[in-house]
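Asks: The residues making up each chain are set out below.
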Amino acid sequence: EAGVVQSPRYKIIEKKQPVAFWCNPISGHNTLYWYRQNLGQGPELLIRYENEEAVDDSQLPKDRFSAERLKGVDSTLKIQPAELGDSAVYLCASSLDRIGQGAGEQYFGPGTRLTVT
Amino acid sequence: GDSVTQMEGPVTLSEEAFLTINCTYTATGYPSLFWYVQYPGEGLQLLLKATKADDKGSNKGFEATYRKETTSFHLEKGSVQVSDSAVYFCALRRVADSWGKLQFGAGTQVVVTP
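Protein chains in written order, with this note's numbering: chain A, 503 to 619; chain B, -5 to 108.
Possibly wrong hints are sitting among the right ones.
Derived Cβ-Cβ restraints for the label pairs, each shown as a range [what the hints assert, rightly or not]:
hint, chain 1, residue 1, chain 2, residue 2, range
1, B, R61, A, G606, 24 to 30 angstroms
2, A, E585, B, A11, 39 to 45 angstroms
3, A, E570, B, G72, 42 to 48 angstroms
4, A, S560, B, Q103, 26 to 32 angstroms
5, A, A556, B, T45, 23 to 29 angstroms
6, A, A556, B, T22, 23 to 29 angstroms
7, B, R61, A, E546, 23 to 29 angstroms
8, A, A556, B, Q75, 40 to 46 angstroms
List time: in silico BS3-like cross-link candidates among lysine-lysine, alpha-carbon distance up to 25 angstroms [said to hold, decoys possible]:
hint, chain 1, residue 1, chain 2, residue 2
9, B, K46, B, K62
10, A, K580, B, K95
11, B, K46, B, K95
12, B, K50, B, K62
13, B, K54, B, K43
14, A, K573, B, K95
15, A, K564, A, K513
16, A, K564, B, K95
17, B, K95, B, K62
Keep in mind that the hints were calculated from the coordinates and are not lab data. Keep in mind the model is a prediction, meaning the values are calculated, not measured. C-beta: ideal position from N, C-alpha, C; glycine also.
From just these sequences and the hints, can you work out the full model?
Replies: Pasting the structure below:
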């Protein structure tokens, strides 16, 4: 079974440029997460989708960050414009959550390492 | 708010040595507790978990016991291998909070030398 796929794996851009990350979750997983992991820290949740609906985006900096999950499968996270402080690893995770059984195990992708210069 | 505190790394030890990584948490209610491992160049993988007090999670020779009285979930392994070199993250999840949201510690890098 294929795991969570993310691309690109690495991205270097200049500040004020736009950037986009793509995630393909495990087939059949209804919940998708985007996390940001700063150097030397643990991941922090940016946004969570249940199918195509964003149900928790309280940590997403909405002035420059946007995300979408069309058709409830693949997802794209965008930053426009990027700032120096956005340099981090952006992780995507997915899980299969069943009503009455609690949250399922989250499976993580390898991440996209963003460097803003 | 909720938080997870881990011992700082890197932790460097020789093969076959005993490993302990301390983890303590602050949360209201009864969170579920997890240990994730991140090997170089890979995503996080769930290593073990415990969902209630006194539960012991175990996997691949690693163990951790949910201690409510000390709000701790220390990770242990009796005999480490070079292949255990990775970054280990302790995390909690409040059932009553955003469903499925994980709160991670900062991570502890472990380096095992031959």
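Asks: Give a verdict on every hint.
Replies: Hints and how they fare:
1. R61(B) and G606(A) have their C-beta atoms about 25 angstroms apart, which keeps the hinted 24 to 30 angstroms range intact.
2. Separation of E585(A) from A11(B) is about 43 angstroms and conforms to the stated range, judged on CB atoms against 39 to 45 angstroms.
3. Range check, E570(A) to G72(B): about 47 angstroms between beta-carbon atoms, so the 42 to 48 angstroms window is met.
4. Restraint check, S560(A) to Q103(B): a C-beta distance of roughly 30 angstroms satisfies the suggested window 26 to 32 angstroms.
5. Between A556(A) and T45(B) the CB atoms are about 27 angstroms apart, so this pair conforms to the stated range of 23 to 29 angstroms.
6. A556(A) and T22(B) have their C-beta atoms about 26 angstroms apart, which keeps the hinted 23 to 29 angstroms range intact.
7. Remark: the range hint 23 to 29 angstroms for R61(B) to E546(A) is upheld by a beta-carbon distance near 26 angstroms.
8. Judged by the Cβ atoms, the range 40 to 46 angstroms given for A556(A) and Q75(B) holds: they are separated by roughly 42 angstroms.
9. A C-alpha spacing of about 8 angstroms is found between K46(B) and K62(B), which places the hinted pair at or below 25 angstroms, so the restraint holds.
10. Restraint check for K580(A) and K95(B): the C-alpha separation of about 21 angstroms stays at or below 25 angstroms, so the hint holds.
11. Only pairs whose Cα atoms come within 25 angstroms are accepted, and K46(B) paired with K95(B) is accepted, the gap being roughly 17 angstroms.
12. Between K50(B) and K62(B) the alpha-carbon distance is near 12 angstroms, which keeps this suggested pair within the 25 angstroms criterion.
13. For a cut-off of 25 angstroms, the pair hint linking K54(B) to K43(B) stands: about 13 angstroms separates their Cα positions.
14. At most 25 angstroms may separate the alpha-carbon atoms for a hinted pair to count; K573(A) and K95(B) meet this at roughly 22 angstroms.
15. Only pairs whose Cα atoms come within 25 angstroms are accepted, and K564(A) paired with K513(A) is accepted, the gap being roughly 21 angstroms.
16. Our distance criterion of 25 angstroms between C-alpha atoms is met by K564(A) and K95(B), whose separation comes to about 19 angstroms.
17. Taken as a hint, the K95(B) and K62(B) pair is honoured in the structure, with Cα atoms around 20 angstroms apart against an allowance of 25 angstroms.
Violated hints are absent here; each numbered hint is respected by the structure.
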